[in-house]
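Just add 287 to the spot in the sequence shown (first one is 1) and you have the numbering used here.
Treat the hints as calculated values from the structure; they're not laboratory data.
The C-beta atom is built at its ideal place from N, Cα and C for all residues, glycine as well.
Heads up, a few of these hints could be off.
Unchecked claim - Now the in silico label distances, taken between C-beta atoms and shown as ranges:
no.: 1; residue 1: P419; residue 2: N443; range: 19 to 29 angstroms
no.: 2; residue 1: C515; residue 2: A446; range: 51 to 61 angstroms
no.: 3; residue 1: N443; residue 2: V481; range: 45 to 55 angstroms
no.: 4; residue 1: L360; residue 2: W660; range: 29 to 39 angstroms
no.: 5; residue 1: E634; residue 2: F365; range: 36 to 46 angstroms
no.: 6; residue 1: A446; residue 2: R421; range: 49 to 59 angstroms
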Amino acid sequence: TSTGLGGISGMDALRAEHEDMLVATQANAVPEENMDYQSVEMPDTRVAHAVSAPVLVLRAFGLVPSTQGLFGLMYGRFLLLLFGAMFAYTLVQAIRVSGSLYNYLSTACFSLCALLGIVFLRSQRIQDLLGPRRMPLEMYATAFGFYHNWHIVSRNRLAVVTAMYITSAIAKVAGVLYAYSDESIKGFVSEDPVMLAFFLMSSAMLFALIFCMLHVCSCLEMAIDQYCIRFFEAADLSKGIAEWNVLQALLRRAAHTVEVCFLAVSTGVLAVLLLTGVEMFNLSSRDYGEGVMASGITLGLWAMWVLPPTGLVFYAVFRAAAITEKCNRVPALVNSWSLIDEQIDHEKQYTVQYIIQSAAGFYVKGVRLNATWALKLSYFFGVLMFTMLTQSFLSPVKG
């Protein structure tokens, strides 16, 4: 019989097609008695509104289409045009204006990240992961009874992201207002209100993109935890292998959807961090006369607005790495269970080897992101930030 795979050109495409098929049919493999509808239809309407807050935020920012009709399509295109125009305007202004180049370039980086993040999520079919067309994460969480807990965790992470954005926005606005109030540094670090508004909008979208990745990661982490609990309770190795096959396909499908957006956001934040370091060094070495203290306060405010997005990127990296680390601990947990009285259980050993060789985890462009990678990145960024701060504050100031 024909498999319908004649149009597939390579191994990666074959694996992606197979995983899509597993994810699309995973709800059919779940017995009806395992469906936990109470986790979605909660009697307390206040709790229901609180739990649905992450989805509402994703829809408000256009990261997940609200409907499959014309409105969802037009709203997504409007956001693309908006951030595309913001990026073009800030880039042109950076070329034309001699002063405040840093302000224009940093806003241009954030606008480009917002634009690319939306494009990459839509191109990778985010609507087939979080809805409205298909909702495999929602269906999986509902089927195995952790939908409610998933949205509670995601809501808490939304609160953290919101607090970080407010901190960054306040520091940015305070820096602009302080630069306008002090004549000694106004010509060096001033920023017009239009650029400030563009920055606030583009940074809001950037934080929303980071939250989208955290929302997906929180579901995947809980899915692995729930799999281990079900496997321990059922003590059914054949059922455990079948469920793991679906779970690892869901992990790869979710990671494939957000991986390019993850790279775009991380690269954009790194670029802004480097631009900030260069500008801090230049600002500390300029001749301000009586405005030496003012330049130091401006440096502190700049550090306050650039550190929150940087910290959130690292938080997202560690949350994604936690998915891989949980997958690495599953074989050892399965191997420790005594399902039969015999000392050597060949069926259990087969299950352990099957889980190990599936190499499940969070992948970014084919690279398995784990805690080792996350720690190396954190050390690298730590050294980079320490070097920039020491060079900025310890360099001799003219005047």
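Hints, verified against the model:
1. P419 with N443: 19 to 29 angstroms: 25 angstroms, holds
2. C515 with A446: 51 to 61 angstroms: For C515 and A446 the Cβ distance comes to about 28 angstroms; the hint is violated.
3. N443 with V481: 45 to 55 angstroms: The hint (45 to 55 angstroms, Cβ to Cβ) is violated, given that N443 and V481 are roughly 35 angstroms apart.
4. L360 with W660: 29 to 39 angstroms: With Cβ atoms ~37 angstroms apart, the hint holds.
5. E634 with F365: 36 to 46 angstroms: 56 angstroms, violated
6. A446 with R421: 49 to 59 angstroms: Violated, at about 28 angstroms.
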